[in-house]
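Undergrad: Listed below, chain by chain, are the residues.
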Amino acid sequence: DGGITQSPKYLFRKEGQNVTLSCEQNLNHDAMYWYRQDPGQGLRLIYYSQIVNDFQKGDIAEGYSVSREKKESFPLTVTSAQKNPTAFYLCASSIDSLAGGDNEQFFGPGTRLTVL
Amino acid sequence: AQSVAQPEDQVNVAEGNPLTVKCTYSVSGNPYLFWYVQYPNRGLQFLLKYITGDNLVKGSYGFEAEFNKSQTSFHLKKPSALVSDSALYFCAVRGTDLYSSASKIIFGSGTRLSIRP
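Heads up: the sequence lines are chains A and B, in that order.
One point on numbering: in our numbering, the residue at position 88 of the first sequence is 88, and numbering is uninterrupted.
One point on numbering: in our numbering, the residue at position 27 of the second sequence is 27, and numbering is uninterrupted.
It should be emphasised that the hints constitute simulated quantities derived from the structure, not laboratory data.
In this text, all values refer to a predicted model and were calculated from it rather than measured experimentally.
Where is the CB? At the ideal position from N, CA and C, for every residue including glycine.
Take these hints with a grain of salt, some might be off.
Stated by the list, open to error - For lysine to any residue, the following SDA-like pairs were computed, each having C-alpha atoms within a straight-line distance of at most 20 Å:
| hint | chain 1 | residue 1 | chain 2 | residue 2 |
| --- | --- | --- | --- | --- |
| 1 | A | Lys14 | A | Lys83 |
| 2 | B | Lys104 | A | Asp102 |
| 3 | A | Lys14 | A | Phe88 |
| 4 | B | Lys104 | A | His29 |
| 5 | B | Lys104 | A | Val52 |
| 6 | A | Lys57 | B | Ile51 |
| 7 | A | Lys9 | A | Leu116 |
| 8 | B | Lys104 | A | Asp54 |
As the list claims (entries may be wrong) - Example chain A residues on the side facing chain B (calculated, C-beta under 7 Å, incomplete):
| hint | residue |
| --- | --- |
| 9 | Gly42 |
| 10 | Leu43 |
| 11 | Leu90 |
| 12 | Asp102 |
| 13 | Glu104 |
| 14 | Phe107 |
| 15 | Gly108 |
| 16 | Pro109 |
| 17 | Gly110 |
Chain A on its own, in the form it takes in the complex:
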């Protein structure tokens, strides 16, 4: 899983709670991404960031929030507004610049979130 770490590996949330998933990379990559994986649906993009202090919504951003205060870190908060948060969450990074696009992504090992 390269130089990307995610924690925790398993996370349990009660209804109405906010939880934060950690993602750290030591690859010196500019771009970082959060994906949600559900069975049979592939990966869906939640948020991405191409540079520190900037991020954009992906396809399913509702109920989630992120920050990018440091190049190495891109935490994801799953808020109580996310009605169906049980899923496998994957963080990724790539070298990408704003003019690039042909660089592959490096993925972390994932966090499995379960709502109790």
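Got chain A sorted already, so can you dock chain B onto it with the hints?
TA: Quick look at chain B alone, frame taken from chain A:
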């Protein structure tokens, strides 16, 4: 709009036989195409990519993929399958239209490859 399709949810192959995992795409501009593999409860691992040039791309673990522009396909292949190749495989595409969302890669829904001994 960009899209990528993996028409087979599952592919079953006997060990030692050739395997093919299919992928078709739709993008604006020329495509950047990727294949990733995922083992259970793990993140995705990069296998190979097509950017430009030779239509046959070679990647990790003996895998290769053939870019076919006229059929808008990028099928993953391996001449001789191993039981250890059993995993979930994802095709991904990114268009080169810089006026679109340049950092978004679109992933297919995945194909589960099962290699029987």
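Undergrad: Take the hints in turn and mark each one as holding or not.
TA: Structure-based check of each hint:
1. Lys14(A) - Lys83(A): With Cα atoms ~12 Å apart, lysine 14(A) and lysine 83(A) stay inside 20 Å; holds.
2. Lys104(B) - Asp102(A): Status holds; Cα separation ~11 Å.
3. Lys14(A) - Phe88(A): holds (17 Å)
4. Lys104(B) - His29(A): This hinted pair holds, its Cα atoms lying about 16 Å apart.
5. Lys104(B) - Val52(A): holds (17 Å)
6. Lys57(A) - Ile51(B): violated (26 Å)
7. Lys9(A) - Leu116(A): holds (16 Å)
8. Lys104(B) - Asp54(A): holds (15 Å)
9. Gly42: holds (4 Å)
10. Leu43: holds (4 Å)
11. Leu90: Holds. Min distance 6 Å.
12. Asp102: holds (5 Å)
13. Glu104: holds (4 Å)
14. Phe107: holds (3 Å)
15. Gly108: holds (5 Å)
16. Pro109: holds (5 Å)
17. Gly110: Holds. Min distance 5 Å.
When held up to the earlier numbered hints, the structure conflicts with hint 6 and nothing else.
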